[in-house]
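Colleague: Following the hints, position chains B, C and D against chain A.
Number of protein chains: 4
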Amino acid sequence: MSFNSFGRVFRFSTWGESHGPALGAVVDGCPPGLELSEDDLQPWLDKRRPGTSRFTTQRQEPDRVRILSGVFEGRTTGTPISLMIENVDQRSKDYSEVALAYRPGHADFTYDAKYGFRDYRGGGRSSARETAARVAAGGVARLVIPEVRIRAYLVELGGDAIDRAAFDDAEIDNNSFFCPDAGAAARWEKIVDEARKSGSSVGAIVECVAEGVPPGWGAPIYAKLDSELAAAMMTINAVKGVEIGDGFGAARLTGEQNADAIRPGNDGRPIFLANHAGGILGGISSGQPVVVRVALKPTSSILTPVETIDRNGDATEIRTKGRHDPCVGIRAAPVVEAMMALVLADQKLLHRAQTGR
Amino acid sequence: MSFNSFGRVFRFSTWGESHGPALGAVVDGCPPGLELSEDDLQPWLDKRRPGTSRFTTQRQEPDRVRILSGVFEGRTTGTPISLMIENVDQRSKDYSEVALAYRPGHADFTYDAKYGFRDYRGGGRSSARETAARVAAGGVARLVIPEVRIRAYLVELGGDAIDRAAFDDAEIDNNSFFCPDAGAAARWEKIVDEARKSGSSVGAIVECVAEGVPPGWGAPIYAKLDSELAAAMMTINAVKGVEIGDGFGAARLTGEQNADAIRPGNDGRPIFLANHAGGILGGISSGQPVVVRVALKPTSSILTPVETIDRNGDATEIRTKGRHDPCVGIRAAPVVEAMMALVLADQKLLHRAQTGR
Amino acid sequence: MSFNSFGRVFRFSTWGESHGPALGAVVDGCPPGLELSEDDLQPWLDKRRPGTSRFTTQRQEPDRVRILSGVFEGRTTGTPISLMIENVDQRSKDYSEVALAYRPGHADFTYDAKYGFRDYRGGGRSSARETAARVAAGGVARLVIPEVRIRAYLVELGGDAIDRAAFDDAEIDNNSFFCPDAGAAARWEKIVDEARKSGSSVGAIVECVAEGVPPGWGAPIYAKLDSELAAAMMTINAVKGVEIGDGFGAARLTGEQNADAIRPGNDGRPIFLANHAGGILGGISSGQPVVVRVALKPTSSILTPVETIDRNGDATEIRTKGRHDPCVGIRAAPVVEAMMALVLADQKLLHRAQTGR
Amino acid sequence: MSFNSFGRVFRFSTWGESHGPALGAVVDGCPPGLELSEDDLQPWLDKRRPGTSRFTTQRQEPDRVRILSGVFEGRTTGTPISLMIENVDQRSKDYSEVALAYRPGHADFTYDAKYGFRDYRGGGRSSARETAARVAAGGVARLVIPEVRIRAYLVELGGDAIDRAAFDDAEIDNNSFFCPDAGAAARWEKIVDEARKSGSSVGAIVECVAEGVPPGWGAPIYAKLDSELAAAMMTINAVKGVEIGDGFGAARLTGEQNADAIRPGNDGRPIFLANHAGGILGGISSGQPVVVRVALKPTSSILTPVETIDRNGDATEIRTKGRHDPCVGIRAAPVVEAMMALVLADQKLLHRAQTGR
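Residue numbers (the numbering used here), protein chains in the order written: chain A, 184 to 540; chain B, 184 to 540; chain C, 184 to 540; chain D, 184 to 540.
If we strip away everything but chain A, and leave its shape as in the complex, we get (with noise of 0.2 Å):
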């Protein structure tokens, strides 16, 4: 309900700013006796971190996360897990020029029409440094649905899309792309070294899929499980769209191309011939994977000047120096990946609390 906490019966917070001694996340609500230690939650900051091929900012942070409560004898209590990060490059630098004038596509501008100044070092808490507090979160959130499986992969950079006959799950953690597909990703690498050398940025699209999430997790009106994970998603740094299976291509599909046939399983269970609704209907989860795509922008620090103003409103002009990410993109795979496992752990105890399942 508060501004930087997520959830309803598992519910996160996070706090911190990019250019502070440390940020964080509170995870309250956690089901006790889950075997839990920093070992546990290091691995998925990693795959987060900065700084681990040149196609991402130069920025190096070993992202340690610290459990400093809710865990004893290895064991989570059920009391709010506070997860630490310490800030360990923050390099002085001079902020002067973005102290004074709007980064465009920044939170600049508005920040300081919110609250009337801003912490301008890194972006502060506009800073997707956050996302870090949130990997460690999500961490903790996937001990929660054991039964499920995520998977985030970019499948567009650039404008440049894979091809699906040649996804190979295997390939994903084989590049530097989180990319599925071994061709595309030796193209990406040109695209983003273009980028980078000409001082540019680009766009991508990431698609995370869950396995293994059973019929009837989400809640019809307001808690529908696509609205859950669409706010989740909308929440990541420079993501404008979010779709749900077929998403914007199902708007261009008739009733009969876009109908989930049901064949009866022979474990009992049904099969679906088709999944254009991505594992979700009347807001409740099938069966099927759920699957989200998320299309992200493209960095918006760029070394390219652009018009801006100044905090006195007057005209200048603006180019960003610094380590920045060329395409946000690529590391926000991992950060997808939590808010997924995030979402449907909360979820997951609450279609437990209403029907005692």
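Treat the hints with care, as some may be off.
You can't tell identical chains apart in this list, so a pair holds if it fits in one copy or across any two.
[Said to hold, decoys possible] Derived pair list, reagent style EDC-like, types lysine to aspartate or glutamate, alpha-carbon separation capped at 20 Å:
{"hint": "1", "residue 1": "K504", "residue 2": "E439"}
{"hint": "2", "residue 1": "K373", "residue 2": "E439"}
{"hint": "3", "residue 1": "K276", "residue 2": "E256"}
{"hint": "4", "residue 1": "K276", "residue 2": "D346"}
{"hint": "5", "residue 1": "K276", "residue 2": "E218"}
Think of the hints as simulated: they come from the structure by calculation, not from any bench.
Modeller: Showing chains B, C and D alone in chain A's frame:
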């Protein structure tokens, strides 16, 4: 926090089923002293009302709204406003088929999976009749934000998009499709007629623009204005995708193309040279028009038989007879407007709470 | 989160004023499949209903509850349950005096101070008629917790306490005061008659016991069962104090006196040798009876003239004519029971959400 | 809405256990631009800090608070304020006894019943050390309501009440008991010394007064100011009762005695001739001082052996060694003040949200 409520400080809850005696909404947190009568709400309901053209369902519902509380001597008192709409045209029909078999694309299977049984009459709670209640609530929300002008219209139907060059605001109310392009409206008549005659259905894309939103509404991180809007829109029946500003298109732009440059305005307010961002930066409104697009799948109720299973898990097939919208996207436009108003009213009050402005 | 809703996952909202056309409640998050009809709710309303003895207000309200949604074929569907009660006996009278002057002890002055004006007819939203809606909602809550038996009764009226040695559970429904001590009930007749005749009023203390609550309901820190109960009870009109177990009396005990020693029970469940704690330890139920006591001030509507001011700030005096309960504590007993049921149902579901039990 | 968060728009969450590495609070929704440093918070923590006199526990905790986020250049930014306090004096001791047996009056049994196991070191999450976090959060809240002056003090200890005629505001900080009556403070020294020496403990009653609250804060029905305050106070360790104004005493008054008559004031604001209501009418502040009283049970940690059972359900007895407050009520006074500030700050912002004032 509950399943059938939406909003944080300006909050509404809806109740009611397709074939129950009535449906309604309770609006809580409304500022006191606003002039409000049923006449202020009825026009919005009339726009959404079924049976007004041959392109929508032939169910005849007057959708008369009654205010049962929260208004005294013509003004809101600050206490909950209870709105009720009676169901009139619940045609007695044989529901035995739909009671037993699951209509693909509908919530039949998932409601049974979640709750163990379901109200199968006209879709029960999952019917789009619920949206009448929020259109009424949205009418109240509009009074909270008189500075904002909201317009929703269809930009695509059955895969046929409008010509942006032919956009005419005045045309929107001149046809049965809330279509701003007279040429497209003419083509759409044929598309919908054909779908209806062949027992098929088509999807649509609705765009909604809110002008007059001042800079500063919305909030990081988990109350971002884009996130609230996405959540709101995704609760509408048949919606499978939401995008803000350029949305998925932004993923195909470069950083330079996507940058909305800023110039000083004559009145001290900034002028943005473009609006790729759709009026939201960092989750906070920029003062530009807020632009949202929503994808609606084709109606799942089609006359063409589709393979499915019954409640016992046995194979069968079903065709959906009865009165249905061949394109649910059409009547969604007033609902999208209502959700826009409801989100913005809530955010206005939240902004006032935190900043006093 | 909103002003007129209560609960977390089992949640209800109420609406309506003393002299509006109707009032009601919307219950959200109710488990599906519970048998529910209006006949299950009416008995609780009948207990709270005015005009049943000479000791309560003579306003005649049948308080017939209608279920408008959320029930299909006699069972709850898991969707919102809308409950409506029509106001019948809004006697037309002259409200000019109360419209202008503030009745001391009532919400007249504070509503005007907050909202700028108020519905002055019968107290508007601040009237105890609102409690009819929660008694109806409480009837639904009881179905969620069939393992729990709830009893509320008066232990003191006008400063005259019951004799605990004379406590007889069967006596509670045998008199007009929900009094478990026949001797006290006889004395109270005189006290209330005298108050009524002299145009005065008296206060009361209601005790409520819930038996059958299993260990484990409630949660640290800000969802402690005692905190939820205190919040719930303090929302009832005229309540000025709440205590759990020994309450204020516990502040006068030593640690040894206050310790509820524990012994092994024959059935493997512990036996507590005392219940100073009122069934709650650390915010979580212990399996002992949950005991709450609630203090109600004397009715502020008295015939004796009291000094006050009018809306212009000028001195005047006011005496409250009309139909009033000389002791609002009497009819509060069913309301206290309802709030106990509503809190416990919510906590049961929350406990199930987190722990799966 | 979650278990370890409190508040609606000004909201805080706490985390941490008695013997973990640290504990803290995250404050969300704070208005921007308020001057805030650690020096603003430390004085409140110092008042609550243990080990400052022989009448409280001898655990030595400096309780140094660090601000980790939400403040830039000395002012709040409107983003979450993360507050952390390290635990320093977690004395290594043998917990084998308390790990196995349930201390009567403590949360040992109920935590095990709810969660299946518990952090038994110093009470884990149920320790009163958690209150340090809210005292820090309360320090932030005070900055939101500079117009309000809050004072909490003990009015009774071990059954020995102060003499209201001897009330001296200046005396409160002159003794170890936050006692406004020097004579009572002298007597209490002996009571607490005796309790400590005999391995016993005593209870207390804390009164808290907030002056300067303008008319209009709070809201009907389920956000009544009294309800919020009762919920807040009941979350404090050992609290078993809460009353507003005359509280339980009001139940023994007649309507005439209880009426707070109103007279015109010279400044256009009304003058109340009494304050039986404790500054709240119909759930909304009247402009009079808000008065709350809180009953705290005697510390459950006593040296006297008490019968209990162990985790296997077998009979045993336990005496609680270690460092404990012989009267937890003493150090509760700063916590009660903090909760008052936190509730009022939230209500101020809520009132502003709805009414713009």
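Colleague: What hints, given by number in increasing order, does this structure fail?
Modeller: Violated hints: 4 and 5; rest satisfied.
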